[in-house]
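Required output: the full structure, derived from the provided sequences and hints.
The sequence shown begins at 1316 in our numbering and counts up by one.
With a straight-line Cα cutoff of 20 Å, these simulated PhoX-like cross-link-like pairs (lysine-lysine) come out:
| hint | residue 1 | residue 2 |
| --- | --- | --- |
| 1 | Lys1346 | Lys1381 |
| 2 | Lys1381 | Lys1432 |
| 3 | Lys1380 | Lys1398 |
| 4 | Lys1320 | Lys1332 |
| 5 | Lys1346 | Lys1333 |
| 6 | Lys1432 | Lys1369 |
| 7 | Lys1432 | Lys1398 |
| 8 | Lys1456 | Lys1432 |
| 9 | Lys1413 | Lys1456 |
| 10 | Lys1456 | Lys1369 |
| 11 | Lys1380 | Lys1432 |
| 12 | Lys1417 | Lys1389 |
| 13 | Lys1330 | Lys1320 |
| 14 | Lys1398 | Lys1369 |
| 15 | Lys1346 | Lys1330 |
| 16 | Lys1380 | Lys1346 |
| 17 | Lys1320 | Lys1413 |
| 18 | Lys1346 | Lys1332 |
FYI, nobody ran anything at the bench for these hints, they're computed from the structure.
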Amino acid sequence: MELPKLNFQETFDFKFKKDKDKFFIYDLVRKTYLLLTPEEWVRQHWIHYYLTVKGYSASALITEKKILLNGLTKRVDLLVTEKTEPVILIECKAPQIKLTEKTFEQTARYNSIIGAKEIILTNGLHHINAYYENGQYQFYKQE
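Dropping the structure here:
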């Protein structure tokens, strides 16, 4: 399986397995193998980043949290918490998906329910980072 190199300075030690013609990647948060989709490839990079680079514990990361938005059940890709409070909402797209104003607005709508101080919209190649302050998003470049 050919996986794109994503825009992270670090390289991470992923565990893979193959069953028949499908590939799976080990999720350190859920402690299980998940089907390796392009979006999952991006999410696993962020999980490894927060665990190994930022030093968060696996219990501080929540994946695929269900939320109710306008009567519809949606799932948040990754939520970073501190003392159970939501801090960073990360919305992952597949690398070939273009990040647009529309995809950012989707993430902002999810965050209107979650209430994180920061959101990251990412396709693994490009990352849009924004803090929520004074009722609006302030965009910034990640170091």
